[in-house]
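Using the sequences plus the hints, can you model the full thing?
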Amino acid sequence: MTIHQQVKNWAAENRISVPAFRAISQWLVDPEFADFVEEIQLLIEDEDIDELEDAFRTHIEFGTGGIRGKMGPGPNRINLRTIGEAAQGLAQYILKSGIEDARDMGVVIAYDTRNNSDVFARETAAIIAGNGIVARLFDGPRATPHLSFALRQTGAVAGVVISASHNPPSDNGFKACWIDGGQVVPPHDKNIIAEVGAVKRLDRIDYADGVDRGLIEVLDEKLDAQYVEKLVDLSLCDARDIRVVYTPLHGVGSTSVVPALQNLGYSHLRVVEAQDVPDGNFPTVAGGVANPEDPGALSLAIEEARRVRADVVLASDPDADRLGCALPDPQKGWDAAPDNLAINGNQIGAILCYYILTSLREQDKLPDRGIVCKTIVTTDLISRIARDFGLISVDNLLVGFKYIGDVINNLSDDETFVFGTEESHGYLFTDFVRDKDAAVAAVLLAECAAQLKRQGRTLRDYLDDIYRAFGYFCEVQKSTYREGAQGNEEIAQIMNGLRQDPPAEIGGYKVVEVIDRQTNTVHNVQAGSTRTIQGAMGNVLAFTLSEKGHTRVTARPSGTEPKIKYYVSATSADCTDLAGDDLAQTRENVDQFAQEIVNGMLVSAECALKEVRSGK
Numbered sequence: 021m022t023i024h025q026q027v028k029n030w031a032a033e034n035r036i037s038v039p040a041f042r043a044i045s046q047w048l049v050d051p052e053f054a055d056f057v058e059e060i061q062l063l064i065e066d067e068d069i070d071e072l073e074d075a076f077r078t079h080i081e082f083g084t085g086g087i088r089g090k091m092g093p094g095p096n097r098i099n100l101r102t103i104g105e106a107a108q109g110l111a112q113y114i115l116k117s118g119i120e121d122a123r124d125m126g127v128v129i130a131y132d133t134r135n136n137s138d139v140f141a142r143e144t145a146a147i148i149a150g151n152g153i154v155a156r157l158f159d160g161p162r163a164t165p166h167l168s169f170a171l172r173q174t175g176a177v178a179g180v181v182i183s184a185s186h187n188p189p190s191d192n193g194f195k196a197c198w199i200d201g202g203q204v205v206p207p208h209d210k211n212i213i214a215e216v217g218a219v220k221r222l223d224r225i226d227y228a229d230g231v232d233r234g235l236i237e238v239l240d241e242k243l244d245a246q247y248v249e250k251l252v253d254l255s256l257c258d259a260r261d262i263r264v265v266y267t268p269l270h271g272v273g274s275t276s277v278v279p280a281l282q283n284l285g286y287s288h289l290r291v292v293e294a295q296d297v298p299d300g301n302f303p304t305v306a307g308g309v310a311n312p313e314d315p316g317a318l319s320l321a322i323e324e325a326r327r328v329r330a331d332v333v334l335a336s337d338p339d340a341d342r343l344g345c346a347l348p349d350p351q352k353g354w355d356a357a358p359d360n361l362a363i364n365g366n367q368i369g370a371i372l373c374y375y376i377l378t379s380l381r382e383q384d385k386l387p388d389r390g391i392v393c394k395t396i397v398t399t400d401l402i403s404r405i406a407r408d409f410g411l412i413s414v415d416n417l418l419v420g421f422k423y424i425g426d427v428i429n430n431l432s433d434d435e436t437f438v439f440g441t442e443e444s445h446g447y448l449f450t451d452f453v454r455d456k457d458a459a460v461a462a463v464l465l466a467e468c469a470a471q472l473k474r475q476g477r478t479l480r481d482y483l484d485d486i487y488r489a490f491g492y493f494c495e496v497q498k499s500t501y502r503e504g505a506q507g508n509e510e511i512a513q514i515m516n517g518l519r520q521d522p523p524a525e526i527g528g529y530k531v532v533e534v535i536d537r538q539t540n541t542v543h544n545v546q547a548g549s550t551r552t553i554q555g556a557m558g559n560v561l562a563f564t565l566s567e568k569g570h571t572r573v574t575a576r577p578s579g580t581e582p583k584i585k586y587y588v589s590a591t592s593a594d595c596t597d598l599a600g601d602d603l604a605q606t607r608e609n610v611d612q613f614a615q616e617i618v619n620g621m622l623v624s625a626e627c628a629l630k631e632v633r634s635g636k
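Sequential numbering of the sequence shown, starting at 21, is according to the working numbering.
Please keep in mind that the hints were generated in silico from the structure rather than gathered at the bench.
One thing to keep in mind: the hints can contain errors.
[What the hints assert, rightly or not] The calculated EDC-like cross-link candidates involving lysine to aspartate or glutamate, where the alpha carbons are at most 20 Å apart (straight line), are:
#1 583 / 81
#2 352 / 484
#3 385 / 258
#4 210 / 296
#5 583 / 611
#6 385 / 253
#7 585 / 616
#8 352 / 382
#9 530 / 616
#10 583 / 323
#11 28 / 70
#12 250 / 237
#13 385 / 314
#14 473 / 200
#15 90 / 359
#16 473 / 581
#17 498 / 510
#18 498 / 616
#19 250 / 67
#20 568 / 611
#21 116 / 209
#22 585 / 485
#23 220 / 81
#24 90 / 581
#25 530 / 626
#26 630 / 451
#27 585 / 601
#28 583 / 503
#29 385 / 451
#30 498 / 313
#31 630 / 485
#32 498 / 359
#33 90 / 58
#34 385 / 408
#35 28 / 81
#36 498 / 611
#37 498 / 626
#38 385 / 323
#39 585 / 451
#40 116 / 200
See below:
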């Protein structure tokens, strides 16, 4: 029996879907996919039907930041073909954009330390150049925000970064940026998707030939120096006497975070040697997932901090756009469990926001119409801080830093962007780049800690002061993974169920409003009324559990991983009965309240799935 006949039989037996069968057949016979035939044959011989179904049933699509996913053969995987299609689609859109001199303006391409990132970057350059557009490729791995800076600095029409951020080692991706240096937003993202979908063949040029003809340029270290200079200029104080342990988690952070801190004069900076080696397998990171959101990923850095008696641990993800932080426990020092040492992205964001605004006000540099941005799943503590300083808080943005970048692009002449943050450890101060930047956050967090040390205080003390001033906020995120084709279907069913028949209460607490960002409507449950809101639309549902709206749970499918995320926010500022005699009691009350909401939301989600399946 031939390989093709085997797949045909599986389709006839309903063991594999018709779309997957058609795609497998095309990839086996079409010369455009000849390089993948051997890998596909191995999957068929191993009868790995689940992998074949998931890899071929559909085509990978742009999510919150481009395409990202597992590497392997098939249209629903990251490989030379899907990366090539993304590059070809981007090139076609650039040529149709009507932008004068777009070919000469060129496209800047960066890549991280993941497996195959350099290969995918060279292929992207070969295809961009094959369409007659100058491709400018970094000579080695660089940070995603460095790409944003280089794009703006060189006057390029677009940019590409090859990375899967903090995803597992099996993954990679392609993220497109537009002329402003930010990730593509409507209408550009949808138009690029349309162009990618129309790709039949790839117009590529031999890489070496492209270099000889001047269509592929290799960027030198000049841009590195300019970028680091901008990072150094962000400093708001001269305090530097602090012991910092930093880990790039086998990523590119040593090209941005390290030179920035060194140039600022941090003589007690220690870089975790074992994790300063670029390696896409992330061999020394617990679980192999280099995600600074996960306290376990900071374990090796915490060991180093214990050894050198550090004041703070900083960690960036593989493409150095996110920053994690751990602090010694007030009683146990660095001997406490990593979960008790790491602070989350909302807490880091609150510290940075308060430090920046306080420093600017003390220096009489606070703009009259300053803008602070956050996404809808990020703590409302940011909004309370911004408004207390008289600034404008843009706090209804969909998930994805590209929406913060879009706000920057559309500011009026009398408005000034000051700070942007998202709960997933993304931060930006000023607008010289248009993406989140671990180096920006590291510069500010390190000097804030150093300034506090001068006063005999710590970042934990600082955070507690913020809570006392604005109310204690607790944010909890819970993700449930649902792999493969069935998992995608279940995620859609849960969201549909929650949307069609919203829960009246969650964890025993009544739902006050249901906010649906797919239709941009807000339904008041008690009044039975519905109003519309402005903003970008997306598959996001929020259920508020208090009149002020700060206590809520938000549900959304991940744009980059096979999971559905639930974000819970609870605060004593909303529910005065949760306030204790002191901050410790208040913290305990609110944390328990938040966990009850988490548990209740998981039950509501499962009920929604069952109801959709039963046809109710």
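Consistency of the hints with the structure:
1. 583 / 81: 16 Å, holds
2. 352 / 484: 18 Å, holds
3. 385 / 258: 17 Å, holds
4. 210 / 296: 38 Å, violated
5. 583 / 611: 24 Å, violated
6. 385 / 253: Given that 20 Å is the threshold and the Cα spacing comes to 14 Å, the pair holds.
7. 585 / 616: 16 Å, holds
8. 352 / 382: 35 Å, violated
9. 530 / 616: 13 Å, holds
10. 583 / 323: Violated, at roughly 31 Å.
11. 28 / 70: 15 Å, holds
12. 250 / 237: Violated, at roughly 24 Å.
13. 385 / 314: 35 Å, violated
14. 473 / 200: Violated, at about 38 Å.
15. 90 / 359: Distance ~28 Å between residue 90 and residue 359 Cα, so the pair is violated.
16. 473 / 581: 40 Å, violated
17. 498 / 510: With a Cα-Cα distance of about 17 Å, the restraint between residue 498 and residue 510 holds, given a limit of 20 Å.
18. 498 / 616: 12 Å, holds
19. 250 / 67: 54 Å, violated
20. 568 / 611: 19 Å, holds
21. 116 / 209: 14 Å, holds
22. 585 / 485: 30 Å, violated
23. 220 / 81: 16 Å, holds
24. 90 / 581: 9 Å, holds
25. 530 / 626: 18 Å, holds
26. 630 / 451: Distance of about 46 Å is beyond 20 Å: violated.
27. 585 / 601: 33 Å, violated
28. 583 / 503: The hint holds at about 8 Å.
29. 385 / 451: Cα-Cα ~16 Å, so holds.
30. 498 / 313: Given that 20 Å is the threshold and the Cα spacing comes to 13 Å, the pair holds.
31. 630 / 485: 45 Å, violated
32. 498 / 359: 15 Å, holds
33. 90 / 58: Within the cut-off at roughly 18 Å; holds.
34. 385 / 408: Roughly 16 Å between the alpha carbons, so the hint for residue 385 and residue 408 holds.
35. 28 / 81: Measuring from Cα to Cα gives roughly 26 Å; hence the hint is violated.
36. 498 / 611: 14 Å, holds
37. 498 / 626: 14 Å, holds
38. 385 / 323: With a Cα-Cα distance of about 40 Å, the restraint between residue 385 and residue 323 is violated, given a limit of 20 Å.
39. 585 / 451: 29 Å, violated
40. 116 / 200: 18 Å, holds
Violated hints for the displayed structure, listed by number in ascending order: 4, 5, 8, 10, 12, 13, 14, 15, 16, 19, 22, 26, 27, 31, 35, 38, 39.
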